[in-house]
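Enquirer: Chain order of the listed sequences is A and B.
Under UniProt numbering, the first residue of the first sequence carries the number 1, and numbering increases by one thereafter.
Under UniProt numbering, the first residue of the second sequence carries the number 1, and numbering increases by one thereafter.
Hints are computed from structural coordinates only; laboratory data are not their basis.
A portion of the hints provided could be inaccurate.
Note that identical chains are pooled: a pair holds if it fits in a single copy or bridges any two copies.
With a straight-line cut-off of 30 Å between C-alpha atoms, the simulated DSS-like cross-links for lysine-lysine are [unchecked claim]: (1) Lys38 with Lys60; (2) Lys60 with Lys321; (3) Lys30 with Lys60; (4) Lys35 with Lys171.
There are 2 protein chains.
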Amino acid sequence: MVTIKDVATASGVSPSTVSRVIADSPRISKNTKKKVRKVMKELGYHPNVSARNLVAKSTKAIGVIMPSSADTALQNPFFPEILRGIGSVIHKEKYSMSLTTGTSDKEILQEVERMVFGRYVDGIILLYSRINDPVTNFLRENDFPFVIVGKPYEQESMTTYVDNDNFQAGKEITQHLIEKGHEQIAFIGGSLDLFVTVDREEGYVEAMKEAGLEIMDAYKIHTEFLKSGGREAVEYLLSCDIRPTGLVVSDDLISLGILSRLEEAGFSIPEDISLVSFNNVYLSEITSPALTTVDIQIYELGSQSAKALIEKTTNMEEPPKRIIIPHKIVYRNSVNKLT
Amino acid sequence: MVTIKDVATASGVSPSTVSRVIADSPRISKNTKKKVRKVMKELGYHPNVSARNLVAKSTKAIGVIMPSSADTALQNPFFPEILRGIGSVIHKEKYSMSLTTGTSDKEILQEVERMVFGRYVDGIILLYSRINDPVTNFLRENDFPFVIVGKPYEQESMTTYVDNDNFQAGKEITQHLIEKGHEQIAFIGGSLDLFVTVDREEGYVEAMKEAGLEIMDAYKIHTEFLKSGGREAVEYLLSCDIRPTGLVVSDDLISLGILSRLEEAGFSIPEDISLVSFNNVYLSEITSPALTTVDIQIYELGSQSAKALIEKTTNMEEPPKRIIIPHKIVYRNSVNKLT
Numbered sequence: 001m002v003t004i005k006d007v008a009t010a011s012g013v014s015p016s017t018v019s020r021v022i023a024d025s026p027r028i029s030k031n032t033k034k035k036v037r038k039v040m041k042e043l044g045y046h047p048n049v050s051a052r053n054l055v056a057k058s059t060k061a062i063g064v065i066m067p068s069s070a071d072t073a074l075q076n077p078f079f080p081e082i083l084r085g086i087g088s089v090i091h092k093e094k095y096s097m098s099l100t101t102g103t104s105d106k107e108i109l110q111e112v113e114r115m116v117f118g119r120y121v122d123g124i125i126l127l128y129s130r131i132n133d134p135v136t137n138f139l140r141e142n143d144f145p146f147v148i149v150g151k152p153y154e155q156e157s158m159t160t161y162v163d164n165d166n167f168q169a170g171k172e173i174t175q176h177l178i179e180k181g182h183e184q185i186a187f188i189g190g191s192l193d194l195f196v197t198v199d200r201e202e203g204y205v206e207a208m209k210e211a212g213l214e215i216m217d218a219y220k221i222h223t224e225f226l227k228s229g230g231r232e233a234v235e236y237l238l239s240c241d242i243r244p245t246g247l248v249v250s251d252d253l254i255s256l257g258i259l260s261r262l263e264e265a266g267f268s269i270p271e272d273i274s275l276v277s278f279n280n281v282y283l284s285e286i287t288s289p290a291l292t293t294v295d296i297q298i299y300e301l302g303s304q305s306a307k308a309l310i311e312k313t314t315n316m317e318e319p320p321k322r323i324i325i326p327h328k329i330v331y332r333n334s335v336n337k338l339t
Numbered sequence: 001m002v003t004i005k006d007v008a009t010a011s012g013v014s015p016s017t018v019s020r021v022i023a024d025s026p027r028i029s030k031n032t033k034k035k036v037r038k039v040m041k042e043l044g045y046h047p048n049v050s051a052r053n054l055v056a057k058s059t060k061a062i063g064v065i066m067p068s069s070a071d072t073a074l075q076n077p078f079f080p081e082i083l084r085g086i087g088s089v090i091h092k093e094k095y096s097m098s099l100t101t102g103t104s105d106k107e108i109l110q111e112v113e114r115m116v117f118g119r120y121v122d123g124i125i126l127l128y129s130r131i132n133d134p135v136t137n138f139l140r141e142n143d144f145p146f147v148i149v150g151k152p153y154e155q156e157s158m159t160t161y162v163d164n165d166n167f168q169a170g171k172e173i174t175q176h177l178i179e180k181g182h183e184q185i186a187f188i189g190g191s192l193d194l195f196v197t198v199d200r201e202e203g204y205v206e207a208m209k210e211a212g213l214e215i216m217d218a219y220k221i222h223t224e225f226l227k228s229g230g231r232e233a234v235e236y237l238l239s240c241d242i243r244p245t246g247l248v249v250s251d252d253l254i255s256l257g258i259l260s261r262l263e264e265a266g267f268s269i270p271e272d273i274s275l276v277s278f279n280n281v282y283l284s285e286i287t288s289p290a291l292t293t294v295d296i297q298i299y300e301l302g303s304q305s306a307k308a309l310i311e312k313t314t315n316m317e318e319p320p321k322r323i324i325i326p327h328k329i330v331y332r333n334s335v336n337k338l339t
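Produce the complete structure using the sequences and hints provided.
Expert: Next comes the structure, spelled out in structure tokens:
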């Protein structure tokens with residue numbers, strides 16, 4: 001199949017220019033349009049749809065874009081839970097959902113191009129929010145309906161998104177450790193190009209500053225949203241000169257890895273090290289000890305994003321919205337009071 | 001949208017007859033064909049595809065059919081894990097996957113009809129195997145490529161399927177309890193119209209018989225593949241005259257529910273009651289105690305089913321296959337030796 005990328009290469013322009021030509025954007029010169037359209041014809045490239053131009057029949061399907069790799073993501077209970085929330089809404093409308101399976105940015109973008117130009121879906125939900133994400137850029141350029149779970153890159157943008165107040169949640173959960181007498185507190189999060197990490201980390205920093213506590217650079221650790229990521233974080237922490245007494249961990253599955261690695265190293269939780277976590281996936285009540293964690297209402301994030309997307313696809317005039325889902329701390333047994 | 005069901009109602013025939021008319025089956029009389037085709041025309045029903053008649057371009061997508069309800073199923077870690085396995089194979093071929101979201105047989109069948117007649121997918125993986133399943137019947141009648149995870153209803157059929165030897169696995173895990181001195185052993189499984197339950201239960205029965213142990217009717221319990229299902233099973237067990245000392249549980253998530261309910265009721269596992277389980281999802285090593293369970297290699301079930309399906313969709317001459325994935329018992333801490 002000829003892709004938009006092939007057309008771009010053969011025309012000597014960027015793929016986004018090709019997209020704009022398809023959408024007949026006024027930002028593209030007549031000459032470029034002529035050149036690109038000629039190449040499209042030569043290569044036999046037929047965009048089945050430009051969302052901007054067609055009032056097409058509903059496909060009764062939505063695309064769900066996984067971050068980086070479905071293979072990795074589906075190991076984290078966050079994703080099945082958010083799919084449940086999405087499914088709960090779309091099944092009522094008799095929609096199905098199409099999941100990406102690519103493992104690289106490039107593969108995922110190709111899948112999304114196919115969904116959009118092949119008119120396989122009415123709209124798209126992005127299950128992540130990242131700085132300079134090629135998929136988000138592509139959807140914007142093509143005016144294709146989409147909703148982001150997380151905070152979009154361009155704050156001033158016209159994008160509808162569903163998010164928690166992650167800054168506030170990060171601040172509150174850190175304050176909980178501080179109230180229990182902890183002063184050496186480390187933050188362990190995912191990749192820094194994910195807004196969810198940035199926001200939670202900023203909340204942690206704010207809480208530490210307000211309490212007049214020092215934040216060492218070595219206390220900010222970034223790892224993968226997996227059990228193995230948690231284990232690696234512990235290796236790093238154990239090599240620190242001053243060992244923290246409290247950990248703010250941005251994900252329950254990372255916490256699980258931390259617990260298992262700390263136990264192997266002979267530490268007791270919470271007696272030796274206290275830990276607070278995020279997400280409240282069901283495993284957070286099975287671990288020993290059960291985790292004190294921020295319930296971000298994952299199911300609700302999913303169902304609200306699906307609702308907003310269906311509104312958008314059925315009514316092009318629907319204004320963009322910010323939907324903030326409330327969080328609350330669930331107190332369990334992973335925090336010790338320091339005396 | 002006009003559905004095959006609408007055509008059936010208006011023609012006074014069954015939906016499967018309509019499917020056979022679309023597929024131009026010799027089993028349908030000329031008169032019936034004429035009548036049904038007239039109704040199709042009147043209602044404006046256009047099957048975009050009959051897999052039998054068209055050598056269509058690949059859609060580069062496969063459909064994945066969840067049992068009963070995605071909302072319920074995705075609570076069980078079995079499903080994200082099998083989706084990972086499926087994804088690992090299809091992403092290499094740059095396929096995406098479309099999940100059903102319906103919560104009733106009727107809704108799911110409608111989604112599958114849409115996938116098939118709308119030509120949204122090249123083939124379908126059924127994540128369950130059930131007696132007299134309308135989706136399976138529909139796919140057979142339309143000669144649409146599909147693969148079953150589990151054992152198909154018609155043993156003599158031409159269906160490709162991927163399964164474990166659940167009878168043997170059920171027998172071995174029950175024998176493990178017997179070897180540890182248990183004689184009162186109960187079996188707790190899912191619904192009896194699922195072959196996986198039937199096979200594992202027959203293995204349990206066989207092991208008990210070979211050891212000359214009595215099986216009470218009250219010791220065979222069927223519940224939902226959920227934590228709540230396990231909790232309900234315990235209510236029932238506690239009302240038995242003779243309490244079993246060992247439990248064979250057909251699913252780790254059910255086991256989790258059993259553990260939590262037994263703990264509430266004041267029992268210690270494995271001191272008071274021993275428990276063996278099935279599936280080896282990751283939560284089986286987090287529970288206290290960690291579960292002795294049958295590793296059925298869920299990821300492999302998924303990847304092999306996707307491989308078999310893609311072979312089938314790309315080569316119509318590919319013969320039907322039975323693919324049996326090996327199992328092995330993972331020994332942990334949920335079994336006590338009786339003396």
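Enquirer: At most 30 Å between CA atoms: does that hold for Lys30 and Lys60 within a copy, between copies, both, or neither?
Expert: neither (36 Å within a copy, 34 Å between copies)
Enquirer: First find the shortest C-alpha distance between Lys35 and Lys171 inside one copy, then the shortest across copies, and answer within, between, both or neither for a cut-off of 30 Å.
Expert: neither (54 Å within a copy, 69 Å between copies)
Enquirer: When no copy is specified for Lys60 and Lys321, does a C-alpha distance of 30 Å or less occur within a copy, between copies, both, or neither?
Expert: Classified as within: same-chain Cα gap 23 Å, cross-chain 33 Å, threshold 30 Å.
Enquirer: I want to check one pair: Lys38 and Lys60. Are their C-alpha atoms no more than 30 Å apart within a copy, between two copies, both, or neither?
Expert: Classified as between; 27 Å across copies, 33 Å inside a copy.
The structure does not agree with the numbered hints 3, 4 stated previously, though it agrees with the rest.
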